[in-house]
Amino acid sequence: MKLFRLAALITVLAAFALSGCDQNQAPQQGKKTSSLPPANSTSLSIVSGSENSTLEPLLQQFARQQNISIQINYMGSVDIGLELAKGTASQFDAVWPASSLWLSLGDKQGVIKNAKSIMRSPVVFAVRKSIAQKLGWDKKDVTVMEILEAVEKEHLRFAMTSATQSNSGTSAFLAFLNAFAGGPEVLTAEHLHDPAAADKIKRFLRSVNRSSGSSGWLKDMLLKDYLYYDGMVNYEAMVIEFNRQLPPGQEPLYAVYPVDGISIADSPLGFIAKGDATKEAAFTKLQDYLLSPTIQDSIQAQGRRTGLISMDVDPAKSAALRPVFNPDWGIDVSRILTPIRLPAVPVVADALNLYQTAFRKPSLTAYVLDYSGSMAGKGVDQLRKAMRTLLDQRVAKEYMLQASPEDVTIVVPFNSSVVTSLEAKGNDPQVLGDLLAKIENLEPGGGTNMYVAAAEAVRKMQSYAESGQYHASVIVMSDGMSEGSMAQFNATIAGTGMGKDIPLFTILFGDAQPEQMKAFAEAMSGRMFDGRVDVVQAFREAKGYN
Amino acid sequence: MQKFLGLIILLAVAAATAFFMFGKDKVASFSSGSASTANLTLVTGKAGSEKINFLQSENVQRLLAKQGLRVDVRKSGSVEMVLETTSSGEDFLWPASQVNVEFFKKTGGSIQQSADVFNSPIVLYSWDIVTDALIKAGIVQHRDGVNYIIDLPKLLTLIMEKRQWKEINLPQLYGSMIIRTTDPSKSNSGSMFAALIANTLNGGEVVSTTSVSNVLPQVTDFYARLGYMEASSAVLFEKFLQQGVGAYPLIVGYENQLVEYSLMHKEHLDLLKSKVRVLYPVPTVWASHPLIALNEKGKKLLTALKSPEIQKLAWEEHGFRSGLLGVENDPSVLDVVGLPKTIDAVMPMPSAAVMKEITKQLSSL
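Heads up: the sequence lines are chains A and B, in that order.
For the first sequence, my numbering assigns the number 1 to the initial residue and increments by one for each residue that follows.
For the second sequence, my numbering assigns the number 1001 to the initial residue and increments by one for each residue that follows.
The hints are simulated quantities; they were obtained by calculation from the structure and are not laboratory data.
We put the CB at the ideal spot given by N, CA and C, even for glycine.
One should not assume that every hint holds.
Computed footprint of chain B on chain A, listed as stretches where at least three residues anywhere in the stretch have a Cβ under 8 Å from a Cβ of chain B [claimed, not checked]:
(1) 92-106
(2) 115-123
(3) 251-265
(4) 331-344
Sequences are here, hints too, so could you generate the full structure?
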């Protein structure tokens, strides 16, 4: 029993990678930001979900006032959970995930003290206002089934984070699955294996046009490519940020609270007790500060719900908050929200495994890998390790990145030109193992031209991608200044979905040029991940986007 | 100069040694210049979440310091803390009910001394609209300013029949009727409510080793429908308040939780009074908050907690009724509505053996 629970815990931990950064430059996992530490002062290091990054200025303001230093490491929930499992051996002093579920799952040694929810936000289905009006969603309660029907009938193009990578995706997936299972009080293993429920959740997930590993990044991407999508599944707070960032005159997104498929993120901040009374006192002060009326008001002004009693807004403040919790955007603070009941831990683990291997839209992933001479030695070792993490299904499963039988994997190693071009279908460990062996046998040598290799990857993907049945993505990793040019790449991708439905992600490694890698990713609707400290983690994160 | 350097190094080594010998806490106390706290005996232990605010409050710490004690406490579920076989050197455990003490003895724990410290009844917390509907349904009765659940069997029947909230005229609430509790395999309030359900289903008689099997299937069904359950009553109570009537229409808690919260958040008192309701099951069950002293330091803490001034403070600032015989707790000293002067209808808890069986059954959920 214990072992089973542990296995379930690990699966679940591995399943969630947090989401949500709220700035245009959303922080990457593991990236550390900090204030200048004053000499001889107390320091607090916090491991946090990235959706809290918008609030970091508030914490740094507190640090200055108190003359202490605060470092915030943004991590996914997998890593937060694994960090908590270390107990007192954790390098952090405090933890701040998207949902309190993580504390219950990760904190097996009982080291978390005084966790308190700082703010709340429900997960909603947001569509362009004209669509909501056309469907009558602005005038009545909407069910999850009605959303599915509209998505299919109206061919709504929408985005949602991965249920195994981002808390908003997990929450929405579980809530929608609950509704598709006929709205039981709580999901059980039986419901997960009900063919009718499986059919509906598959239909819904396979209608998603764009996936993401982060809720905040998803919102930013939609903003950048606005009008290319009709909507998104995201936190209410992200919908509010989205609408507030829209250029004037643009049609806003309208938040729909599916009556039978609501979930709420509660953002708890807790202390990791290791017997340091000074740090604990500093933590308590920080928590009191974040929960103080003034700071709660400023958090609320950023679209989070902060009332201490119930989810609505104090009537005295509602007029002032109208531009934030704006009823014209469907934001309804007086609506009584009944979230689904979170299933027991083993059921959550089972559900996420099914998401990853059966329910979700299949992934079409092309890895474009630098095998130039400068990769020799440590570089190529790290690269091999990263590919093992993704292709060795036992390892991939720990991070909830295992392949499904319908996935397609393409690998294009390159130097000045394409070295070879490999492909594997499905999730047979043997097949993926063979692919891995071929990659591991390659030796580095020659120059660097990522553009020509990326173009080759797009050519290989095209026939699959045109079917519309995949979340496609190109992941380009390079360790040096690349020859060739974006113009060269652009010339070869005309007529493909590249840069729209097929995003391109870059992984910065070795001496690669951040400007070049960033520009390439951002021109192609993707983002750059910094792999210079931990390339395995950068690959894991990038893979989490499809 | 060389000699001075030597001395400095020596001092540094001494400081470092002190640091590791006495732990960071003591050194921190020294460095903060507070000589008084440094002289106090540090007592460490675990307590149920409902007593954490009490133990960490400045006034309680001040009164404990007067008796030469300083407490470092970690939150732990009452059921969890007594079933854990590995000790991390605590001086005391402070679960919420006598059954937890019996569990501790059965798992081979050795006790220096143990005694009940407070008394708090298990209550349900709810909202204005839900309470009004329950009154109309004849389940709750409002008498002398207090809400009593006079027909718990009927409430349980409606829940077990999976009636919808709209069937008791609450169309605002989505879904079926439910009472949410903490995880009975970890937390005492969840476990005590399981006992209350079992007793109620047993025709109001305390379940015995023979009768428990008749009601266990229904109790199990009830808990299986809750899905994921919180491990601590403090977290459940906070979520209840913050997420509101849609997410948490009815929860199980301790009587002191609302009192304590009201006193700590006086700015929200009007809102609390207008929206939140405390419902007393008739009969209910007592949580007697026995402290288990594991050594002499724990015994000192136990003695200190039973002193009249701490007992008075416990009621007036944290809502814990006194565990001392003959002490009356007057609700009029509290600016909180809906508290009865005395709790008259109380039912005994089942034996530890029966509770063990219930807990075991519910752990497998």
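Q: Report the numbers of all earlier hints that the structure fails to satisfy, in ascending order.
A: none
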